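*Asks:* What follows is each chain in one-letter form.
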Amino acid sequence: MVKERKIVCRCEDLTEEEIVHAIEEGYSDLESLKRYTGATTGACQGKGCLMHVVRILSQKTGKSPDEIGITTQRPPVNPVPLYILSEGDVE
Amino acid sequence: MKVGVVGAGVMGLSTAYFLSKSGIDVTVFEQKYLLYGASGRNSGGVSPMVDREELIPFALESLRLYDTLPSEVNFNFLFRKNGYIKLASDEGDAEKIREGVSVLRRFGISSKVISPEEVKEIIPDFNPDSAVLASYCREGGVIFPWPVVWGLARGCRENGVEIRTEARVEKIERNGSRFTVHVNGEKYEFDFVVNSAGAWSNEVSRMVGIEQNNMIIKEEVCVTESIKPYINPYIYDITSGLYVTQTARGEIIGGITGKSVDRIDTSSTVEFAVRYAKGVTRMIPKLKGLAMLRQWAGVYDEGRDGLPVVGFTEIDGFVQANGLGKHRGMMIAPALGKELAKLIERGENSAIKKFDPQRF
Numbered sequence: 262m263v264k265e266r267k268i269v270c271r272c273e274d275l276t277e278e279e280i281v282h283a284i285e286e287g288y289s290d291l292e293s294l295k296r297y298t299g300a301t302t303g304a305c306q307g308k309g310c311l312m313h314v315v316r317i318l319s320q321k322t323g324k325s326p327d328e329i330g331i332t333t334q335r336p337p338v339n340p341v342p343l344y345i346l347s348e349g350d351v352e
Numbered sequence: 088m089k090v091g092v093v094g095a096g097v098m099g100l101s102t103a104y105f106l107s108k109s110g111i112d113v114t115v116f117e118q119k120y121l122l123y124g125a126s127g128r129n130s131g132g133v134s135p136m137v138d139r140e141e142l143i144p145f146a147l148e149s150l151r152l153y154d155t156l157p158s159e160v161n162f163n164f165l166f167r168k169n170g171y172i173k174l175a176s177d178e179g180d181a182e183k184i185r186e187g188v189s190v191l192r193r194f195g196i197s198s199k200v201i202s203p204e205e206v207k208e209i210i211p212d213f214n215p216d217s218a219v220l221a222s223y224c225r226e227g228g229v230i231f232p233w234p235v236v237w238g239l240a241r242g243c244r245e246n247g248v249e250i251r252t253e254a255r256v257e258k259i260e261r262n263g264s265r266f267t268v269h270v271n272g273e274k275y276e277f278d279f280v281v282n283s284a285g286a287w288s289n290e291v292s293r294m295v296g297i298e299q300n301n302m303i304i305k306e307e308v309c310v311t312e313s314i315k316p317y318i319n320p321y322i323y324d325i326t327s328g329l330y331v332t333q334t335a336r337g338e339i340i341g342g343i344t345g346k347s348v349d350r351i352d353t354s355s356t357v358e359f360a361v362r363y364a365k366g367v368t369r370m371i372p373k374l375k376g377l378a379m380l381r382q383w384a385g386v387y388d389e390g391r392d393g394l395p396v397v398g399f400t401e402i403d404g405f406v407q408a409n410g411l412g413k414h415r416g417m418m419i420a421p422a423l424g425k426e427l428a429k430l431i432e433r434g435e436n437s438a439i440k441k442f443d444p445q446r447f
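Chains as they are written, first to last, in this note's numbering: chain A, 262 to 352; chain B, 88 to 447.
So that you can see chain A by itself, here it is in the shape it has in the complex (with noise of 0.2 Å):
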């Protein structure tokens, strides 16, 4: 029989089932769950997964999405080629 595998991050190739494993280990804060699972890391950086990984985070801990919060957003917005922010000006 197929195993079940809902993939929760499409770039990590992670499934519901790894970021469950990945909280009963500990890693049981979004930050932490984050690092450990490589959950919104990869090239959507969390556009596509970090909703997912924050209802599972909060079905496993009883924690309400507000008191999970979100991982911490880092520039840039979307990908940028080094090509193009090597032609930036600085001082």
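Simulated from the structure, these hints should not be mistaken for laboratory data.
Treat the numbers as computed from the prediction; the structure is a model and nothing was measured.
Ideal Cβ placement from N, Cα and C applies to all residues, glycine included.
Be careful, since some hints might not be right.
Here chain A is said to cover these stretches of chain B; the calculated rule only asks that three of the stretch's residues, wherever they fall, bring their Cβ under 8 Å from a Cβ of chain A [claimed, not checked]:
1. 121 to 127
2. 187 to 196
3. 271 to 283
4. 379 to 391
Given the structure of chain A, go ahead and fit chain B onto it with the hints provided.
*Replies:* Relative to the frame of chain A, chain B by itself:
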């Protein structure tokens, strides 16, 4: 004996780990979550090619510990041992490169001065015009700082250490021969308090009336999208301060050596992104098509004379474990933590006398 450690970075956790291995009761306080500080924000370059001779034995011992600790704590540190290259892009720094290699030779470490063309043999897309001279050491490479911290934390917990996160130390009171540490409205009693708070160490010292004045340095780092293994060694240009390598996950990670700041600041800047992009695409032009995914900043500290601040202070029982400095926290912390644990256990340890906080 009870020891309280302030700061769960690689220095604090190494100290806690080696203390707990000797059966000492340790509690570690982390103001936020594991990896919040510099141990979670650096690029993981490790090498015996450390810029101060006094630190070479600690870099060597740390490399040895990075080999043995993973099986001890049952955690893979994802250590890629593909060597470390230092570049100089002006003549003055080329002389430093030559000196660095002869110092390493005295320690019996094999390393060599190489030309930019020889760098190109190691990294095929390297632009030889971007440097005048280089040095190469096969030992060392890139370690992933996150599993180092998680692994040390696991080892600590196995030994009975309590690691409290979201636990910012608010006050430290001297209470006879002991300390009372106030955290989240609770009080803890310790015989020793270890200050391994990195960039926050000055603030922790102030709680017991010590004006430490470690330099605080802000540094910015970024990653690109992941590609297949492409850059093997860690590369650090000592003239421009730019460094770059590839992580075990395939991202190209790099940054520029930071500058001293007056206060803690972890904001990201466009100036850094532009400066880095210019520098790294000059060094390895093919990278220009890769996209930067994420940039961040971190803060760390350095002793006023450029050396770590590790050992006993004028306040009996208050111990410094900070000031590790530029490009070397990950390189030297495990060995420093091990030696500091010995100092706390035995009351003396000549191996770390050079880092005595009372030298200033």
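*Asks:* None of the hints should be skipped; say for each whether it holds.
*Replies:* Here is what the structure says about each hint:
no.	hint	in the structure
1	121 to 127	holds (count 4)
2	187 to 196	violated (count 0)
3	271 to 283	violated (count 0)
4	379 to 391	holds (count 5)
In the structure shown, a violation is registered for the earlier hints numbered 2 and 3, in ascending order.
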